[in-house]
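> Now for the letters of each chain:
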Amino acid sequence: MSLTVANILVTGCLYTLIAIGLTMVYGMLRVLHIVHAGVFAVGAMVGLLVFQALGAGFWLSLLAAMLASGVMGVAIYHLGYRWVLDAPRGTPLIVSIGLFIAVQSLLERPFLLGPDASSFDAPTGLSALEIGDFAMTSIQVTIVLSTAVVGLAVWYILARTRLGLGWRALSEDMNMARSLGVAAERAIAVNMFVGSAMAGLAGVLIAVYENAVYAHMGSVVAYKAFVVVVLGGLGSVPGAVAAAFVLATVEIGISTWLGSFFPRDAIGFAVLILILLFMPTGLMGKRLD
Amino acid sequence: MDGYLISVATFIGIWMLMSMSLNLLVGYAGQVSIGHAAFFGIGAYTTAYCTVKLGLPFPVDLLAAMVVTGIAGGFLGLPALRVRHDFLVLATIGINFIVVAIFQYTPALGGAFGIVGIPPIRIAGVEFLELKMLLLVLAFVALVFGLKALLLRTWFGVRLVAIREDEEAAAAIGINVASTKIWAFVISCGVAGLAGSLYARQLASVFPESFGFVESVTVLTMVVLGGAGTLVGPLVGAIIIGGLPEYLRPIKEWRYVIYGLVLVLLMIFERDGLLGKESRLRRLLARLAPGRGTAAR
Chain A
1166 MSLTVANILV
1176 TGCLYTLIAI
1186 GLTMVYGMLR
1196 VLHIVHAGVF
1206 AVGAMVGLLV
1216 FQALGAGFWL
1226 SLLAAMLASG
1236 VMGVAIYHLG
1246 YRWVLDAPRG
1256 TPLIVSIGLF
1266 IAVQSLLERP
1276 FLLGPDASSF
1286 DAPTGLSALE
1296 IGDFAMTSIQ
1306 VTIVLSTAVV
1316 GLAVWYILAR
1326 TRLGLGWRAL
1336 SEDMNMARSL
1346 GVAAERAIAV
1356 NMFVGSAMAG
1366 LAGVLIAVYE
1376 NAVYAHMGSV
1386 VAYKAFVVVV
1396 LGGLGSVPGA
1406 VAAAFVLATV
1416 EIGISTWLGS
1426 FFPRDAIGFA
1436 VLILILLFMP
1446 TGLMGKRLD
Chain B
5 MDGYLISVAT
15 FIGIWMLMSM
25 SLNLLVGYAG
35 QVSIGHAAFF
45 GIGAYTTAYC
55 TVKLGLPFPV
65 DLLAAMVVTG
75 IAGGFLGLPA
85 LRVRHDFLVL
95 ATIGINFIVV
105 AIFQYTPALG
115 GAFGIVGIPP
125 IRIAGVEFLE
135 LKMLLLVLAF
145 VALVFGLKAL
155 LLRTWFGVRL
165 VAIREDEEAA
175 AAIGINVAST
185 KIWAFVISCG
195 VAGLAGSLYA
205 RQLASVFPES
215 FGFVESVTVL
225 TMVVLGGAGT
235 LVGPLVGAII
245 IGGLPEYLRP
255 IKEWRYVIYG
265 LVLVLLMIFE
275 RDGLLGKESR
285 LRRLLARLAP
295 GRGTAAR
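These protein sequence lines map, in sequence, to chains A and B.
The first sequence runs 1166 to 1454 under my numbering.
The second sequence runs 5 to 301 under my numbering.
Check each hint, because a few of them may be wrong.
What the hints assert, rightly or not - Label-pair distances were calculated between CB atoms; the ranges are:
1) Glu257(B) - Ser1303(A): 35 to 41 Å
2) Asp1298(A) - Leu67(B): 22 to 28 Å
3) Leu289(B) - Leu1423(A): 44 to 50 Å
4) Leu1442(A) - Gly150(B): 31 to 37 Å
5) Phe117(B) - Pro1403(A): 44 to 50 Å
6) Lys281(B) - Ser1344(A): 32 to 38 Å
7) Leu9(B) - Gly1220(A): 51 to 57 Å
8) Leu289(B) - Pro1253(A): 20 to 26 Å
9) Val71(B) - Asp1298(A): 38 to 44 Å
10) Glu257(B) - Ser1344(A): 35 to 41 Å
11) Leu1442(A) - Phe117(B): 31 to 37 Å
12) Val162(B) - Ser1284(A): 42 to 48 Å
13) Val71(B) - Ser1420(A): 32 to 38 Å
Treat the hints as calculated values from the structure; they're not laboratory data.
The C-beta atom is built at its ideal place from N, Cα and C for all residues, glycine as well.
Isolated chain B, as found in the complex:
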C-alpha cells in the first residue's frame, strides 16, 4: 500500500471514531449537537500539549485527552438538562466558537499558529507511523464499535433510547433523565477526545481552525448520511464523506457544496439516512437476505 492511501485510510478511521461518538448523542440519546468538532479539538490539543510541552509518553496523553474531553462534555451536558431541542443546538454552536477562540487566544496553546512537532506514538521503542498507525486506529475503531454495541444492549442503552423517544414518558417510568443525559455526553465526548488525540498524532500538528463549525457539520453529515441511530450507518457515512473527495478531485473543490446539498436531499427524500431503519437500502438488503437484514441494527 502506498503512503497516500494509508494516510487517507487512517483519517477515515479517525472520522469513524468521531461519527460513532456523535451517533451516540444524536442517534441514540436524541440530543442534536453541532459542536462536536470542539471536543475533537480539545482532545487533539490535550495530546499536543501533553506530548510537546510536557513530554508525556503515549498512553498518558491519550487518557488525559479522553478525561479532559469527557469532563468538558459533562459540562456541555449541563445545559442539555434544562435546555431542549433548538436551544441546545444553539448552545452547541456557541461552544464550538468559544473553544476555537480559546485555542486562538491562549498563548500556551500556540495561539493562531497552533502546536507543531507532535511525536508519533511510541510503544516499547516501536514508532507507530503509516501502516502501524493505521492498524492502531482501526483497532480503536473496532474496540469502540464493540463497546458501543455492548453499551446499547445494557439498561443504559435502553434508557438512552427511551429519552430520545419521549423524555417525559421516560422520566415518568422512573428513568433518571439527568444522569443518563450527562453520561451520554461524557462518553460521547470522551470518544471524540480519543479521535482528537489520534488525529493530533497522525497530523503531528494542531491548528485552531481545524475544529470549527464546518468540521462539526461534516461529522453530523456522516452520521445523518449513513443513518443516525444505527450501528453501521455512521461508519458508512465516514467512509463516503471521508473517502470520496480524496479520489475525485473535482469533488474535493466542491465538497462542502455537495455535503450541504446531500444533507438537504437526504432530509427530504430519505430522512433516516442511507441505512436508516426504514430506508430503501435497508429494505432492499432485507429482501435480498430474508431474516438477516431486519435483525441487523
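So that you can see chain A by itself, here it is in the shape it has in the complex:
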C-alpha cells in the first residue's frame, strides 16, 4: 500500500515535469509539441554523457542536461516552428513530428546511444526516507524534491513576474500582446528554454530511476504527457499538474489492484480517447477555436 502511494507520487511528479513544458508550448504557440519526447531523451543522453565521460556528479550532470535541453528547445523554435506559425494547424504539427522522428533516429545511431539501453547508475547523495510504513528510495526523494522546487519556480515566474505576465498575455492573444509591447520573441525563447529544460530534468530523473537510457525512451512517456495535458485542458499549467496525479493514480491503481491484464501505457491512451469522446476539450479545458 505505502509502496503504491510512493509510486503514484513519483510517477505523478515525472508526468508533471514533462507535461508542464508541453502545455506551456501549446498555450503560447498552439503547436502540439511532439518533439518534446526527443528533447526528453536528449536530456537523458547528455546527462549520461557528462556523468560518464566527464566523471561529473549527479547534480552537475543534471544541470548540464537541463541546459542542453533548454538550448535545444530554443533551437527548435528558431529553426522550425517560427517559420510555420502562420500556416494551417497541421503544418507546425508535421514539423514537430518530423523533428521528433529525426532526433529519435539520430539517437539510435551507433555513435550516440545505439539500439540498446545504457545503464545510468548515479547516486544522488540524498538519503532515503522512512516514516513508519512509508518508505521512499533516494532517487524517489530526489524526484519529488526536484519537482517541488522546479514546479514552485515555474509557478512563481508565471504568477509573480513580468516575464510570466508576458507569457500569459501571449497565450491569450499573441498579436494583441505584441502590439501592446510584449517582447514576444524573447518571451517565447525563454518559455521554450524553461519547458525544455524541465523535459531534460525529467529525462535524467527517469533514466536514473529506471537505470536505463535508450533512444526510444521518449516515445511512450511523452505521449502520455499529452494525455496529461489534454486531461488538464491544453495550455493550462495548474490543470496539467492536477491531471498528472490523476493519471498516475488511475494507471497505477488499475494495474495494481486489477492486475496487469493490459499494459499500463495503453490504459492511459484508452482513458485519453474516452475523455476526448465525452469532453472534447479535456477535463478543465475551455473552448478553443
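Dock chain B against chain A, hints included.
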C-alpha cells in the same frame, strides 16, 4: 525481373494504397490522422487470422479485412465528430498505441510473436507469388486510384472538400458534416485494410511492431511529400519513400533521420508538397505543357 526488384515494387504498390487511403482523410477531408498504420495492422491481422487460424480462402479474408478496418475506422470517426484539430491528432496517436498493445497482448493473435505461415493468395489453383502478386497489387492500385478519382467527382467528394475548407460554412449550407466525416473514415480505413491484407500475404507473417507510430508517420510523410489533396502526389511520395532507401543503402540506415528532416524542410519551403497545387514543380510542369499542368489535379 529479379525477385528482389519485384518484392520492392510490390511493397511500393502496397504503400501506394496506404498513401492514397490516408490522402482521402488528410488531403481531401482535412482530418489529420497519425494512426493510419493501426488500420493497416488491423487489415493485416484480419487476413492472418482468417487464413492461418480459420483456413478461409482468398477473397473472403480480404473482404473481412476491409469490413473490419472499415468498421474500426468508423469508430475512429466518432471522436472526429466532436474533437477537432489537435485533439483528433492525439486521439489517432492513442489509437495506434492501443491497437499495437492489443496485438501484443492477445494470445489468439500470437502476442509478441505475431502470426506466421500466411499462405499466398490462390485463385482457381494459381498461386499469386512474386510477379503475379506484383501485378495483382498494381491492379488494386489502379482500381483504388480510379475509384478515388471518381469518388472525388461525386457530391461526396465536394462535401469532403467543403468540410476541409470550412466546417462551419459547410454545415451552414446544409452538408451533413457528421455522416460525411464518418464515411470518409470508413472508406479510407477500408482501403488501409485492403493494403494490410495484401501486406500480410506478401510478407507471409505479421508482427505487432510493424504497425506502430513510426509507420504511421512514414505514410503521412508519403502523402505530405507528394502533395496532400492531389491525386498523383501520394503515389509519387510512396515511390520516393518506399523506393529510395532500397537503392541507396546509406540512406536506409539514416532513413528516419532523413524522413524527419524532409518533413520539416517541406513544411517550411514547400508547404503543399512536391506536386501541391501551387508548388514549384507543378508550376514548372504547367509552363512546359501549357493548358495541361493546371488541369491535372
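> Hint by hint, say whether it matches the structure.
Now for the hints, and whether the structure bears them out:
1. The hinted range of 35 to 41 Å is satisfied by Glu257(B) and Ser1303(A), whose Cβ atoms lie roughly 40 Å apart.
2. Range check, Asp1298(A) to Leu67(B): Cβ separation about 59 Å, and the 22 to 28 Å hint is violated.
3. In this structure the hint that Leu289(B) and Leu1423(A) lie 44 to 50 Å apart at CB is violated, the actual value being about 59 Å.
4. Between Leu1442(A) and Gly150(B) the beta carbons are some 36 Å apart, a value that agrees with the proposed interval 31 to 37 Å.
5. A C-beta distance of roughly 45 Å is found between Phe117(B) and Pro1403(A), which places it inside the suggested range of 44 to 50 Å.
6. The hint said 32 to 38 Å for the Cβ distance between Lys281(B) and Ser1344(A), and at roughly 33 Å that hint holds.
7. Between Leu9(B) and Gly1220(A) the C-beta distance comes to about 53 Å, which sits within the given range of 51 to 57 Å.
8. For the pair Leu289(B) and Pro1253(A), the beta carbons lie near 24 Å from each other, so the given range of 20 to 26 Å is met.
9. Val71(B) and Asp1298(A) have their C-beta atoms about 55 Å apart, which leaves the hinted 38 to 44 Å range violated.
10. At roughly 49 Å, the beta-carbon separation of Glu257(B) and Ser1344(A) lies outside the given 35 to 41 Å, and the hint is violated.
11. The hinted window of 31 to 37 Å between Leu1442(A) and Phe117(B) holds, with their beta carbons roughly 33 Å apart.
12. The beta-carbon spacing between Val162(B) and Ser1284(A), approximately 59 Å, falls outside the hinted interval of 42 to 48 Å.
13. As the Cβ distance of Val71(B) to Ser1420(A) is approximately 34 Å, the hint placing it in 32 to 38 Å holds.
Hints 2, 3, 9, 10 and 12 from the list above are not met by this structure, while the remaining hints are.
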